[in-house]
Amino acid sequence: MQKRQLWSSRLTYVLTVAGATVGFGATWRFPYLVGENGGGAYVLVFIIAMIVVGIPIILVENIIGRRAHMNSVDAFGGVTQGRKISKYWKIFGYMGLIGAFGILAYYMVLGGWVISYIVSILSGGLDLSSAITKNIASDFYDIHIEHSPLMVGIFTFIFVVLNWVILSKGIIDGIERSMKYLMPLLFLCLLAMVVRNLTMPGAIEGVKFYLTPDFSKITPKLFILVLGQVFFALSLGFGVMITLSSYLHKEEDMVKTAIITGILNTFIAIMAGFMIFPSLFSFGLSPDSGPSLVFKTLPIVFSHMPFGNLFAVVFFLLLITAALTTSLPIYEVIITTLTEKLKLNRKKAISITLSFIFIFGNIPCILAYGYWRDIKIGGRNIFDTFDFVSGNIFFVLTALGASIFVGYVLGSESIKELKNGAKLPESVIRIWFAYIKYIIPIIIVAIFISGFFISF
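For the sequence shown, our numbering assigns the number 566 to the last residue and increments by one with no breaks.
Hints are computed from structural coordinates only; laboratory data are not their basis. Just so you know, not all the hints are guaranteed correct.
DSBU-like cross-link-like pairs, simulated, lysine-lysine; straight-line CA separation at most 35 Å [claimed, not checked]:
(1) Lys547 with Lys197
(2) Lys197 with Lys529
(3) Lys327 with Lys547
(4) Lys194 with Lys458
(5) Lys327 with Lys529
(6) Lys451 with Lys366
(7) Lys290 with Lys529
(8) Lys244 with Lys406
(9) Lys406 with Lys200
(10) Lys331 with Lys406
(11) Lys327 with Lys197
(12) Lys360 with Lys547
(13) Lys451 with Lys279
(14) Lys366 with Lys453
Take the sequences, apply the hints, and build the full model.
And the structure:
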C-alpha cells in the first residue's frame, strides 16, 4: 500500500484550506447577499454565525478526516471504541460526493464566464476605457454569456483543463505548490482593488451601508440565509474539509487551524465587500442587483474609473484565482475517493472525474442559459437546480450526519483526536463536544427545514 502524502507544513495546509473556502463564496456570493439583505446587518450576523456554527463544524470534519487518514467516504467507517462502525454511516460520505458534483457542475461554468470577461476586455470586445451604460453592460452579458453557449463551453473547458494540469501533479506537487502562488496573488489583487475603491469620491457612503447594521433587517430569514452562506463559504458538507484534513499530521493543532480558517474566510469575505460597495455608491448604482452584481453592475463601475480596463482585468483575475483555489480541493474529494476505493491510478481518476462532471454537469449548466433554457425543475433552470439541491439539501444533510457521527458514534474518540496536538484545556474541549452533540444538530435541522420554507 502506498504511503499517504501529508502536508509539508501548517502554512501550506492553511493556505489550501483558505483557498478552498474563499472562492466564489467570498468574492461573488457574499457581496451580492450583503447587498440584497441589509448591508451591515448581514455582515454582523455572518460574523456571529462563523463563530457559533462555522468554526465548530470545521472541527467536526477535521476530526473525521484526520482520524481515518482516508477518503471522505471511508472516513465514516472503521472501528471505534472496540466496535465496528455500521457501513450505513458511509451514506453521508456518498452524499458529500454528490454535493461536490453538484457544486462543480455550475461552479466551473462560472469560471468560464469570468474567463470570457477577461478575454473580452483584453481583446477590446468589452471596452471599459470610457463610461458605459447599464444597457451596454446588460446586453454584453446577454449576448456573450446567456446566448453564447459555444464560447462559454470553450472557456469552461479551458478552466477544467487548467484544473487537470494542477491536479495531475498530486496533493503536494500540484495543489500545495500552486496554493503557495495562487493565494498571495489573490491577496494582492484583493488589496489593490480595495485601496482603489476606498479612495474614490463618495466611497464613505458605501462603507456606511456595508458596516452600519440596520437592526430592523435582522430577521429569522436573515439568520437562515447567513447560515447557508457559512456552509457554502467554508466548503462544509461536501467532503472538502474531511479530505484535506485526511492529509494532516497527527500532531497538528486542529483547533488553531480551524480558528485561522474561520478568521481568514471572514476577513477575505469582508474585504471583498470593501472591494465592491464603495465603488457602487460612488457612482450611484444599486447594491441589491443580486447574483448579476459582479457581471452586470461592476463593469459599469470600472468604465467610470481611470484605467478601467486594467482594474477590470485585475478584478476578474482575482475571481478566477479564487475559483481555482476552490475547485481544486473539491475535485480532490472525488479523486481521492476513486483512487482509494477503486484502486485507480491518479491520472485516470482525474480524467474520469473531470470528464464525467464536464459532460453531465457543466454542459447541462451551460445549456441552461441556451438551448435548454425552457427546462425547469421546480421552477428553476438546470444551473439553479444544481445550486439549490447541492447547497440546500446535500451540504446540510452531510454536515448533520457528520455532527451526529462525531457526537454519538465516535464519542470519546473524537475528544481524544481533538486533544492530539491541541493546547486547549480538556474542559473547553468537552464543552465543544457537548455543543456539537446536542446543539449543532438542532441548528442544522432548523437550517434545513427553514430553507425549504424560504425557497418555495
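Checked hints:
no. : hint               : verdict
1   : Lys547 with Lys197 : holds, 21 Å
2   : Lys197 with Lys529 : holds, 27 Å
3   : Lys327 with Lys547 : holds, 31 Å
4   : Lys194 with Lys458 : holds, 32 Å
5   : Lys327 with Lys529 : violated, 40 Å
6   : Lys451 with Lys366 : holds, 31 Å
7   : Lys290 with Lys529 : holds, 29 Å
8   : Lys244 with Lys406 : holds, 8 Å
9   : Lys406 with Lys200 : violated, 42 Å
10  : Lys331 with Lys406 : holds, 27 Å
11  : Lys327 with Lys197 : violated, 45 Å
12  : Lys360 with Lys547 : holds, 23 Å
13  : Lys451 with Lys279 : holds, 20 Å
14  : Lys366 with Lys453 : holds, 34 Å
The earlier numbered hints that this structure contradicts are 5, 9 and 11.
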